[in-house]
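So the protein sequences, as listed, match chains D and X. In this text, residue positions in the first sequence follow the working numbering: the first is 1, and each later residue adds one. In this text, residue positions in the second sequence follow the working numbering: the first is 1001, and each later residue adds one.
Read the hints as simulated data drawn from the structure, not as lab findings. Treat the hints with care, as some may be off.
To be verified - Facing chain X, according to a computed beta carbon distance under 7 Å, are these residues of chain D, among others:
{"no.": "1", "residue": "D15"}
{"no.": "2", "residue": "I21"}
{"no.": "3", "residue": "A123"}
{"no.": "4", "residue": "D124"}
{"no.": "5", "residue": "F125"}
{"no.": "6", "residue": "F128"}
A quick note: this is a predicted structure, and the numbers were derived from the prediction, not measured. Every residue, glycine too, gets a C-beta built ideally from N, C-alpha and C.
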Amino acid sequence: MLKGKPVTILLVEDDPAHAEIVRRNLKNFHAAARIAHVEDGQAALDYLFRRGAYADPRTSPRPAVILLDLRLPKVDGLEVLRHVKKDAELAKIPAVVLTTSRAESDVADAYARGAVSYLIKPADFKNFSGLLETFCAYWLAWNRFAA
Amino acid sequence: MTARKKAKAKTSKAPGGAGIIGARENAVKAAGAQEAAEKHGAGFPIVGIGASAGAHLAALQRELRAKEEYLRAANEELETAKEELQSVNEELRAAQAELDAARARYLDLYDLAPAGYFTVSEKGLILEANLTAAALLGAARGALVKKLITRFIFKEDQDIYYLHRKQLFETGAPQTCEVRMVKKDGASFWARLEAAAAPDAGGAPVCRLVLCDITGRKRVEETLRERNEELSRFVYAVSHDLKSPLVTIKTFIGYLEEQDIPNRDSAAIAKDFSFINTAADKMSRLLDELLALSRVGRNLSAHVEMPLRALLEEALTLAAGRLSERGIETRIIDEMATLFGVETVAVSGDRQRMLEVFQNLFDNAAKFMGTQPNPVIETGVDLSGTEPVFFVRDNGMGLDPRHADKIFGLFEKLEHNTEGVGMGLALTRKVIETHGGRIWAESEGPGRGTTFRFTLANTKKVTARVDRL
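The shape of chain D in the complex, shown without the other chains (with noise of 0.2 Å):
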């Protein structure tokens, strides 16, 4: 099931303390996954587009999925999405949102801008940790990635 070389896994998420949550729980896919964590909108379209700090693919390589919150600085998750599905290569990256808002227009906007799932964050330590398991074992374990 676990195969190859790790996968990479592009976090953006503003808040610490939620990094440090899915990090915590992607700690028993070690081997599997590895996260590059970027802190706002405009720092994950550089990393994805290999512009400024992210330019050598040796440190940013490619990530097979990308962990999107949608309310960031200077460039919010909608519009990171609208970039990324305009780019034919970038495209056939999965992006998966994980936010707080449960607010029908993000959820609708987030899908018609090409997101394949929507998570919203539980306010609970049991559900947030099983969701971030169910995460991991879907597209770690299971999921089959474009080259």
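Here the structure of chain D is known, so what remains is to put chain X in place on it, guided by the hints.
Same frame as chain D, now just chain X:
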């Protein structure tokens, strides 16, 4: 029966009328009989004989008397007739005056009604318009007649009108629509059109149209819509931004209970508590600032007029701590030399809020000064344009022009690591907007400084002093 017909009938019925003719005929008949009698008596025409001359004279006298009689009678008849006519005339005049008054009253009601009235043909030509309609369109009444009503309707809104007219003539039921209309001088206003279809005198279908200016109502609706949007943005921001720290608190309490305390992992325990603490602090700051923001729109103190210089100096004093801590030099540029002397402005507003606006912008400039070795903040007013524009300019970190609008959003931050919750500029914008102004940020890019500019309603230009004669 109309007044005129009544008067005519009276004339024909009046006995005097027939009497005039009767009297004349009688008199003529009497004279004729006299002549015939004399002819029979004498057998000859009257010539040169004394007796017959006397008789002739008598006959002439009789004739004269008869004629006199006739004239007297005729005169009497005429007098009566004249009186009759006069009274009829007076009646007619009264009726006419009544008619005129009624007509004037209805014209008044039509022309000066507090709504514009039009009669419009099926093809959309204005057939009639009242004075209010003419005034609403800023044109003379004569200039409206025979014109297409669509000439006065915004191009973009004409389809609304065409649909309205189509439904009116198709269904026959009254229709209402709202369109923007253009006055003759080009000014525009929002209008409500209420239409009813009716046949004209010849039976052709026409449209009776009531036109009301609803610009005021539309403005209120627009304000309401803006308020609602603001409110939903607010609710969105609050629900997201207050929930975020809650998720943090609950999750790290979970780590403590489930893993780190049972495992006696003291390093992890300390870290968990630190995350919980930070999140709780953030929540409390968010709540405080939300309250502050909700107070801005309400509780506006009375507006006072204050000289800009005094306002700037006080705001600089309030921000002095942060400014001197960072070694920032400040300059006030609040005057412009003109032909008439040195011009500056007086600001009208809630004094406390105005101070907060400048203080927030100074704080913000200080916060984003970056590594600038010679930090400078310039503040004042630019009087070179049509409207005074206030500014706070720094030579600090600058910002990416693409994000220049985002910084005013509620809880928006460009830099994650800076202090504050992203409310200062949202608050500043709200104060400026409640003072009828707008604010924007300009920067040539990162490292090239930032200039905040804003306008305020009710800013008065003041000529400070006259330097020349």
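- Task: Of all the hints given earlier, name the ones this structure violates by number, lowest first.
- Result: The structure conflicts with no hint, since it agrees with every one listed earlier.
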